[in-house]
Structures are given as structure tokens and as C-alpha cells.
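For this one, chain A is given, so just place chain B on it according to the hints.
Protein chains: 2
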Amino acid sequence: MSKQITIYDIAEALQLSPATVSRGLKDHPAIRKDTRKRIVDKAREMGYQQNHFASNLRKSKSNTIGVIVPRLNSYFMASVISGMEKVANAAGYNLIISQSIESKEKEFTNVKTLYDSRVDGLLVSLAYDTEDISHFDLFLAKGIPLIFFDRVFEHPQCTSIVIDNFKAGYEVTQHLIDQGCKRIAHVTGNIMRNVYSDRLRGYKQALANAGLPFDEALVYYCNLSEQAGAEAASHLLALPHPPDGVFCTNDTTAVNCMRVLKQAGIRIPEQIAVAGFNNDPLSKVIEPNLTTLNYPGQEMGELAAATLIRKLDRNEGSSINTLVLRHDLIVRESSLRKK
Amino acid sequence: MSKQITIYDIAEALQLSPATVSRGLKDHPAIRKDTRKRIVDKAREMGYQQNHFASNLRKSKSNTIGVIVPRLNSYFMASVISGMEKVANAAGYNLIISQSIESKEKEFTNVKTLYDSRVDGLLVSLAYDTEDISHFDLFLAKGIPLIFFDRVFEHPQCTSIVIDNFKAGYEVTQHLIDQGCKRIAHVTGNIMRNVYSDRLRGYKQALANAGLPFDEALVYYCNLSEQAGAEAASHLLALPHPPDGVFCTNDTTAVNCMRVLKQAGIRIPEQIAVAGFNNDPLSKVIEPNLTTLNYPGQEMGELAAATLIRKLDRNEGSSINTLVLRHDLIVRESSLRKK
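Residue numbers (full-length UniProt numbering), protein chains in the order written: chain A, 1 to 339; chain B, 1 to 339.
Some clues are possibly wrong.
No copy is singled out in the list; a pair is fine if it fits within one copy or between any two copies.
[Claimed, not checked] With a straight-line cut-off of 20 Å between C-alpha atoms, the simulated EDC-like cross-links for lysine to aspartate or glutamate are:
1. K26 <-> E12
2. K106 <-> D198
3. K86 <-> E105
4. K86 <-> D129
Calculated from the structure, these hints are not laboratory results.
So that you can see chain A by itself, here it is in the shape it has in the complex (with noise of 0.2 Å):
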């Protein structure tokens, strides 16, 4: 790799002092106009690297918006990224994003590596194991703009992006009642997470409405993979009292869940009504076709770039704390009984 061109190299090049140089790539009036023009094209001739150069001319500027995400493999996610994508580039922001693989250190490796990117601000939704947000201090000492998303944190100088994950979960849990199941089971992630824990308590509160008790049993927390879906099924299946309904906190569990059941001869939704989360494209593809919870990710991802460029733009603080987004039940065949 070729040596890093720095502001002494150019000095050198043009027999000035560095100050001079360094001064000149900041548009010091100090400096004669026809010195800085000649210091600034020796630079770009030179290749001295944009960010120092940008972030001189522009106070700092990067025009880079950073995103941090659990994982790049779901629908959800890649919907939110469009969305981003789409409102950052239209504002002539580009994003560069990280996977924090759902490890708290690896989400504190790239806060530190986007720091170290220059980004405008940041975009995040928390590691599954994440406790506190400390290892984003580097940014709020500073005061650039830090907007959770989905996975949020509650943080005084931070707004929030959600949707009502009690309401969704209460609603999902009251259409298999509706649909006369008295056994519902639960799929789900790690409670330290607001989305899963919200959901959890949403079912509970829908089943304590509906007079029906709430078994401990029937409440199967994985990792939300394929494999864990197939899993769930198995194990609920070999309970002494298996479920009549199963509501999985995503699509991926649903769907690997229902492959289970009906290669063990259940029909779907007689014997066990079935709903998913978040409506990804499996679930217009698996048969009897999947009843799941239409989660806005484009529009989750549009509101988070939208709201941090504002901030951006107005170097101001925001009085919003949490910005919650409409969702809604889409029933399909895997749990209509009563058509």
C-alpha cells in the first residue's frame, strides 16, 4: 500500500510551511486566494485522502450516515435499509452499516469503527445481549445524533423508532382466542430485547382478558432461526398437553414450525391454529398460507433517516422521544376456523 499523503508532504511538494497548507485546505483568509487555490489542487493532484480535505473544507461533515444491525438476513431488515437508503440518498447522505451479529462487543467494534468513519450520525437496532448503551458514549459525549430503531433503548438524547410490539402481540394472541383456541403456545427471542418482551406481554395480557390461565410450558424461547422453528414444533408437540394455537414472535419460526407440524400429520389450522410476525415473503409462500403481523419496515427505515437528517440539518436537538409506527394483522388461512 502506498505511503498516506499529509498535509507535509503537500508543504514539501510546494515549498510552503505545513501551517500554511494546513490553513489553506481550511480556506483560511489568512491565506492569499491564488496560495489556497494552488494548495488544493496539489492536494487532490497528490491524492491527500477526501475525509481530512471534506472534513477541513466542511467543518467536519461527512455526508456518511452510519447504521449498526443485529443481522443482514431477514426481510424486516433489508426493508428497513431500503428505506433508509432511499430518504439518505435523496438528502445526499450515504450509509454505510454494520453487523453487530448479536454480540454486544462486536455492536462496540463497529460504534468505534464508524466513529473512526466520520459518520453524521448513527442509526441503531441493539445486539440481542446488549444491557446498556454506554459503548455509545463516544457519540453522545459529542453530541452526534443517535436514533434507535425496532431494538430501541431508552435514552434521553436519543429518539426512539417502534411499533406497539403490546398492542401487536395482544392482538395476534386475541385472533387465536377468536378463532377458539384455548392452548396457545409462544415462540419468542431473548426478553432483554423491548420487541420480544413487549409481545410477550401483550399475549400474557390477552390471555388473562380472555379468562384463560398462562402456562410457562407453552412459552419456547430460541433464537428465532429456522432450525429453532422446527425445534419449537417438535417440543410442543411432545408436550403432555401440546398447544391448539402457536403465535411465533417472527415469520422464519412460523414457517419451520408449520413444516414440522405437518410432516407429523397435523392439520393446520384445525388442530393447531398457527400466526407469525413481521409478513415476510415466506409467508405468502407457505401452505395453508401464514396469518402474520405486518411490521412497516421500509417505512420504520424512511422515519429514522428522515428524523436523524433533520437533526442533522437543524444541529438541534429533537423533543421527540419515541415515534411509534401503525402496524397491522394480516389473517390468512393457517389459523381462519370460522370462515
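Positioned in the frame of chain A, the structure of chain B alone reads:
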């Protein structure tokens, strides 16, 4: 946003000259050891940004790898990136990822953003309409390694990582011929990209070798989206002589093509046999299960990252021009007529 800390601020705080601070941050032997320590400590304390800092201390190494992909919305790309993360993280590198959204202009913006982020190297799968790679000159001129994967471009300085798309296209078509298909349609993308043009060549060659005529009316060019798959089915069914087999260049179009064919009352595979490409999880959910070509995304990502890191660690060129990964045809019920 608070002010960017420069070497001038550190110099003022320590009552040293900026040149001394600059040299101290570079660990220059002309500066006394205790002074160097004072400078480094103060720089940390004041929040002098790590990329300056690290680049000076570590001769410009950021331990960050840039990735540019067309889109993040496919299982294949998620697998590739998962493989890259695995290898990069184990070697102490962090990935930052950007999407070209299939546009060469956006790809150019990404190149500049990642250059300004001082990535140590770049892993790229090209956008739909990229015609040449002159926009990577920033990297090539500086000898920063650039590796192409999947959608590649021949260049003496760059290694490409691919599967044998010609052979794969040939094998899928040959399989449909073996099942008795005589009029095989092909649903494909922009043939400016190697992956699609090579599979199309394989398709044509297999037809030719079997003595079947090539009919341009049976080739459907599209953007490979869900909707395009559905439209392909409608288009093919409306032909005066509809096909008896369809080879789609991705599983998304194959699955959505199947949905429309099924809705039209077509029996799969008896009336029309269907095969896809990628071995997406969708292929095991659609009924009948989809015949597809297993595309080793995870391995491709691992190999791309490992090849790049080897170049970075050895700081030398590579004599490898192209690395070809194995693929395999997975035959399932959507095409299996002879059991």
C-alpha cells in the same frame, strides 16, 4: 455537533508546536519518549479522532474492510456477508457495507465514501449497469486491494471469486431436458453481468447439444423481483406455444412464477417443470419444493475475505486471477417427472 479536535488544539493544550504533536502521534524518534506519551494521552483525553490517530500510529491501517453489494435483500447476499464477517472478525477486521442499489452512480458514491473511511481493502459485487471499473481507480492507483465476487470484472490487479455459471446454467437446463422438457423458457436478469450472461450461454449450449431449437421468445429478461417472477409466468402462459419447462436464474422469480402457474391451474412438474437458482430457504417452503442450484454464498464470502486479508497481511499482489467455487444441482419435486 462539537468541534473536530486537530493537532493544533492538542499543541495548544500542551504548549508544544503542532509539528511536535504530529511527530509525537507518529511515534517519531526525534520526540522524547515521555513527550510522546503526554501527546498520545492528551490526544485520547481530548477525543482526537481515532482514524487520524490510528492511521498515523499504524501506517494508515484501519483494520476495516469495505464491502459494496448491489442489494442486501437476498438470502444469498446475507450468506455471503455472514461468511465475510466470520473470517474478517477472526482476523481482527471489521466490515462496513454499502449498497449500490443496482446503480453505477451510487456505486461510485460508495467507492468514495469507503475510500474516505480509509478501508484497508474492498470486496465488491457489481451493480446491474456498471460498464467499466474506472470509478475504482482511487483504490487501484494507491494499490489498495480490490476483490470482486459473484458479479465480477476482469482486471489484472483484481482477483475474482465466482462459481462456474456457464456450467451451472448448462446443468439446470440439461436436467429439465432429461425430465422430458422440449420447450424450456429462461427467466434472467441484465446480461451485462457475467452471472446472467454465463448461465444464458449454458442454457443455449445445453439446448444445442440436445438438438433443441433456441427460441428468443422463451427468454424473459427482468429485474428478478417477486413481481417480475409473477409477470414472467403470465407472459409465458400467454405465448402461442407456452413452454413445458422454466429455468429461472433466481429462486425469488421461480417461486413467484410457480405461484402464478398454480393459480392458473397448471400442474407442476407434469405440465411445466420449474427450476430456480440459489437454494434460497423459499425453495423448501413452496409446494412442490423447488429444484434449484446450490450457490455457496457463505463459502464465497469466507473466501473473498480470506483472500483479501492474505493480500493485506503480506502486502503483496496475488497471482490468482480467478477462484471458482463448486456448486451443485438440488433436484426436488418441482421438476422431477421420472421417479
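Hints versus structure:
1. In this assembly of identical chains, K26 and E12 lie within 20 Å of each other by CA distance both inside one copy and across copies; the values are 18 Å within and 18 Å between.
2. Proximity of K106 to D198 under the C-alpha cut-off of 20 Å is found in neither arrangement, the shortest distances being 25 Å within a copy and 38 Å between copies.
3. In this homomeric assembly, K86 and E105 come within 20 Å of each other (Cα to Cα) only across copies, at 14 Å, whereas the closest approach inside a single copy is 30 Å.
4. Only between protomers do K86 and D129 lie at most 20 Å apart by alpha-carbon distance; the minimum there is 19 Å, versus 30 Å within a single protomer.
When held up to the earlier numbered hints, the structure conflicts with hint 2 and nothing else.
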